[in-house]
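S.K.: Okay, here's what each chain looks like letter by letter:
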Amino acid sequence: MRGRILCIFLLLLLSLCSVAAKLFSLQIQQGDRLSERATRQYQRRLPLLSRRGTIYDRTGRELAVSLKVHSLFAQPAAIENPARTAKTLAPILGQPPQEIVARLTTDKPFVWLQRQLEPAQAAAIGDLNLKGIGLFPESRRYYPRQESAAHVLGMVGLDDRGLEGLEHQYDDLLGGQPQSVVAQQDALGRLVFRQEEAGRPRPIFDLTLTIDEVLQYITERELQRAVERSRAKAGTAIVMDPWSGEILALANQPTYDPNEYRKAGSAARRNRAATDALEPGSVFKVILLAGALEEGVVRPGDRFFGENGAIEVSGVTIRDHEKYGWLTVQEILTHSSNVGAIKIGQKLGKSLYYHYISGFGFGSLTGLDLPGETPGLMRRPKGWSALSLSVLSLGQEISVTPVQITTAFAALANGGNLIRPHVVRGLRAQDGSLARRVGPVVIRRVISAETAQTLLTMLKGVVEEGTGKEAAPEGYSVAGKTGTAQKMDPATGRYSHQKVVASFVGAVPAEAPRLVILVLIDEPETLRWGAAIAAPTFREIAREALKYLQVPPAPAREVRLVRMS
Amino acid sequence: MSQAIGGVGPGVSVASRPAARRSRVRWESWELLSGVALGAVILVAALLYVWQHISVVRLGYAIERLREQQAALIQEDKMLKLERGQLRSLRRVEEVARRRLGMVTPKPGQVVLVPEPTVQ
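Chains A and B, in that order, give the protein sequences.
Under this note's numbering, the letters of the first sequence match residues 1 to 565, in that order.
Under this note's numbering, the letters of the second sequence match residues 1 to 120, in that order.
Accuracy of the hints is not assured; some may be wrong.
What the hints assert, rightly or not - Here are the computed lysine to aspartate or glutamate pairs in the EDC-like style, where the Cα-Cα straight-line distance is at most 20 Å:
id: 1; chain 1: B; residue 1: K107; chain 2: A; residue 2: E470
id: 2; chain 1: A; residue 1: K68; chain 2: B; residue 2: E64
id: 3; chain 1: A; residue 1: K68; chain 2: B; residue 2: E94
id: 4; chain 1: B; residue 1: K78; chain 2: A; residue 2: E138
id: 5; chain 1: B; residue 1: K107; chain 2: A; residue 2: E540
id: 6; chain 1: B; residue 1: K78; chain 2: A; residue 2: D431
id: 7; chain 1: A; residue 1: K68; chain 2: B; residue 2: E76
id: 8; chain 1: A; residue 1: K547; chain 2: B; residue 2: E94
id: 9; chain 1: B; residue 1: K78; chain 2: A; residue 2: E470
id: 10; chain 1: A; residue 1: K233; chain 2: A; residue 2: D257
id: 11; chain 1: A; residue 1: K68; chain 2: B; residue 2: E68
id: 12; chain 1: B; residue 1: K81; chain 2: A; residue 2: E118
id: 13; chain 1: B; residue 1: K81; chain 2: A; residue 2: D257
Stated by the list, open to error - From the derived model, a few chain A residues whose C-beta atoms are all more than 10 Å from chain B:
id: 14; residue: V65
id: 15; residue: Y170
id: 16; residue: E373
id: 17; residue: R437
id: 18; residue: V551
id: 19; residue: P553
Stated by the list, open to error - Chain B is faced by these chain A residues, among others (derived, beta-carbon under 7 Å):
id: 20; residue: E62
id: 21; residue: L191
id: 22; residue: F193
id: 23; residue: E474
These are computed hints drawn from the structure, not numbers from a lab.
Here the structure is a predicted model, which is why all the values come from computation and not from measurement.
Cβ coordinates follow ideal geometry from the N, Cα and C atoms, glycine included.
Can you build the whole structure from these sequences, using the hints too?
M.R.: Quick look at the structure:
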C-alpha cells in the first residue's frame, strides 16, 4: 500500500516537474518571442494619412485640397501568372502590358505599379482581387481651379511635400507628420479596438491667401490674351492693394496646371514675377523723379532743353524718339523723354539717386512670402561708370523684378510708404480659429506724402496726354507710366532692337488709388511698345477689377433715385 | 431535563427522532439552497462579465464599422467639394456663359454703379 502511494506521488512529482519545465521554456526561454508573436496576431499598426492643410483664396474659395487616393503596388513573388495579371491591369492603368510584365517579373519583393490612382481606377482594381497586387492609401493634392494662381500655390510631390510656391514656403505648417495607431484585430483580421497614441501630433494649418480668385482669373485671362496677341515669349501681371501690400492677383505666362506639373517644363513653372530680374526701362524714370522732387532738385514746372532729341554722354549718343525742344518736368515724364531724364539724373547726382533707388527697395528682397525671390542686380555708386548715372536715369544698367516695381509704385500710391508685399493673409487652425493674421508691414517711408501726391498728379498726365493714353478705362483716371526696355543680346553684348520688354505700371483710380497694376510683356513680336500692348492690357484688367470691386467711376455720376408716389 | 431531551424513555425517544431528522433535513436543504443560490449568483456574475465583454467587443466592431463609414463619407464629401470646385472654375463658367447661354460682357456704360450717398 505504502509503495503504491509512493509510486503515485513520484508520478505526480514527475508530471509537475515536466509542467514546470515546459512553463520555464515557454515563459522564460521563448517568452519574448511568443509574446511578440501573440501581439502580432491580435494587434495591427494602422498608418493614418496625415491631412495637409487646405489653401483658400481671400473669400474662402478652395484653391488646393488634399484627398485620400490609392497607389498600386505588386509583390512579384506572390504572382502566379504575371502575363495574365498584366493583361488584366493594362486597360485600367492605360499602360502597355509589356511594361507591367517587366515590373512584375523583377527580383524585388515590392514594386510600385502606379502611384496615386484615380478613384475609378482604384475601385476597378480593388474589385479584381488579384493575388500579389495591392492598394496602399496615400494623400494626393488637387487644385480644383487648375492653372489659376499656379505660380503662387506651387505644387506637392508624390511624397506629400511641397516642391514650389506656397506649398514649399509653408510646408511645415501645411503638412502633418505621418501618424499611426495600434489596433486590435480578431482572427479574421477585422478591427475591434484602436488605442489612441500618446503625445500630440504636430498641428497643421489652413492658409487663407490675399489672392482673390475673380481678380486672379481676370488678370490671367487678359495677360494670356496680350501674350497671344503680341506673340510674346512670356508675360507677368500683378494686382496689388497699395495700402496693405496684399497681392490680389499674380499671373505669369507661360503657365501650367499644378495637377499635372510633371508635364510642364521649368519655363512654365517659374514664377517670373519674383524670380526674373529685367531692366525696367522708362518705368524707372518715376523713381528718378520721386527722388528729384523729394530732394527739391526739380519742380514739376521746371524746364529742360530737349537737345532736339539727342544727347552725347561719355561718347555715347542717347536719343529720344522725337526731337524735343524745351520741356517741363511734367512733359519729360508725359513724353518719356530720355534726354530730359538724363538731365534730371545729372542734377540729382549719383549718391542721392542711389539712395532713392535702394530706398524704394531695389537691389534687396521685398520680403514676399514666396520662395525663390531674387533681389535683382544693382551696383553701388563706386562701381558706376561715367555713363551709369545717365543710363540708370532711363532704367538701364539695373535689373529689377516685377514684384519690386509693383511694390515701389505702391509706395507712390499710398503716400510714400514702402510696404512688404505678401500673398498670405492668415493661418487657420483645424478648429477654424485664426492662428495668425498677416497685416500690413511698413518697411520705411521713402518720400513724403506731398511728393507722392505731386508725382501721382504728374503720372495722371502721362495717361491723359502722353504715352499711356490706352491705359485708362472709361470713367476712371489712371496714374501710370509706360516702359519699353531693350534687352541685352547675350550674343553681341549690345542692346537688341528686336528683343524688348514692354510694360505699364499704374495706380487706379488716380485720386484715391485702390489698385496698383503692373503688366509686363517679355519679347513681344508684334505691338512692341509698352503703350501698344501693356497699357491696353492694364486698361482691361483695371476695368473688370474695378467693376468687380464696385468702385464707382470718378467723378461719380450723380444718380438720384426718387420714389414716385 | 437532559433526560427528556436525550430521550432515555421509550416514549420520548420515539417522539424526538423524526423531529431531529426533520430539523437536519431542513438544515441540509437550506444549505443546498444556499449553495445553489451562491452558484447562481456566481454564474450570473460570470455571465454578466462575459456578456459585458461580448458587448464591448460587439461595440468595438460597431465603432470600427461607423469609423469606416465616417471616413468614406468624409472622402465622398471631399470629392464632391472638389468636383464642385472644378465646375465652378471661372474659366469654365465663362465658357458656358458665352457658348451655351450666349451671354456677353457688358459694354462700358451698361453697368452703372450707384453711389450710395446719393440714393434717396
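S.K.: Against the earlier hints, flag every one the structure doesn't satisfy and list their numbers going up.
M.R.: 3, 9, 14, 18 and 19
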